[in-house]
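**Q** Produce the entire structure from the sequences given, and follow the hints as far as they go.
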Amino acid sequence: MNNSLKGKKIVLAVTGSIAAYKAVDIASKLTQADVSLHILLTKEAAEFVTPLSFQNISRQKISTDLFSSEDNAYLQHLESTYDADAFLIAPATANTIAKLAIGIADDLVSTAFLAATCPVIIAPAMDLNMYDNPSTQSNVKTLQKRGVIFAGPEQGRLASGKVGRGRLMEPNNIIDLLKTTLGAYGDFAGKRIVITAGPTVEHIDPVRIITNPSSGKMGFALATASRDRGAKVTLISGPTYLETPFGVTKIDVKSAKQMYTAVLKSVINADILIMAAAVSDFRPTNPHTAKEKKSIAKLTLPLETTEDILASVPDNLLKIGFAAETEDIERNATSKLSAKNLDLIIANDISQPGTGFASDFNQV
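The sequence shown lines up with residues 4 to 367 when you count with the numbering used here.
Hint data in this document are derived by calculation from the structure and do not stem from the laboratory.
Note that CB positions come from ideal geometry on N, CA and C, so glycine has one too.
Some hints here could point you the wrong way.
30 Å max Cα-Cα, derived BS3-like pairs, lysine-lysine [said to hold, decoys possible]:
hint, residue 1, residue 2
1, K297, K11
2, K268, K296
3, K144, K194
4, K297, K253
5, K260, K220
6, K260, K194
7, K9, K253
8, K148, K235
9, K194, K257
10, K148, K220
11, K268, K257
12, K165, K194
13, K11, K235
14, K9, K220
15, K296, K339
16, K253, K144
17, K220, K253
18, K235, K257
19, K235, K339
20, K46, K64
21, K46, K148
22, K194, K268
23, K32, K11
Here are the simulated distance ranges between beta carbons [stated by the list, open to error]:
hint, residue 1, residue 2, range
24, Q355, L117, 53 to 63 Å
25, A187, D346, 17 to 27 Å
26, P216, E157, 28 to 38 Å
27, T288, I353, 25 to 35 Å
28, Q140, K165, 16 to 26 Å
**A** As structure tokens, then:
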């Protein structure tokens, strides 16, 4: 999948919270994503994490002093926001949020914030009850009205040892929110995409099923990529062990009939349907209500075909299907393309070792 952050200019500002150590992880992840990263630290942040930690990651000198005369630091840090794609403050203390809300500019972060014209994301981190304090909530609402995006905070164990609201959002989720924010300007902005993923399950009896080895990885990856390009994504998934992509609406189903119902309901206002799920073609005609014993001489299992989801979807949206084949791949895929009245089909060659179901690699 494409790296949607590659080449973006991101300003990461770190303030004086115990959670500042997590900003090192955020900086590392952004560097690995090939962004142009500029880091600002307040003096208080430097009490928790040394500038050297960030300097080693970003390969740039880190300044914490607004009034440093070295190399025109003041102007350089202001100028870093002028052409930035996003300004991320993580972690942000209650004190920093208060200063930003009323326009105080007495350190590198608050001064750069006033100069920023790009999207701003603030990830608060503070102890129990501080975020819910009326003063903090008033400041948050003031900034939200001005277009600032807030990432968390989350519920969890805090520095005081207590459990409550105030924990910094996990770095991976902050990165995903950053992608979602920048994706709002992507080529899928405003598009509504429905994506199916994973297997379906048809019961033979309460303990035995008909299913397939689909992991859902393809559908989940497509959902993430579509989100990063600005789409509003609905992911309809059979049973998997995958984590729901941040910012994606997920509908859990088990059987082909449940997926059929969910898809037809979800595509009513959709622009694109991507059927990446491996839907069972057959189900038992009369599932047994009790477990069938192994001691029976012979088990006859009458089957019936499941609902044809793609053939039932209206033609007023772009329909994309998948064909998992072991032979005559192009011919079988072309036949399905025509029979289902699809706009596009991806033919998967699952006969090759290391590709196909439950693999991180695919042959198309």
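**Q** For each hint given before, does the structure comply? Return the numbers of the non-compliant ones in rising order.
**A** Structure breaks hints 1, 2, 4, 10, 12 and 15.
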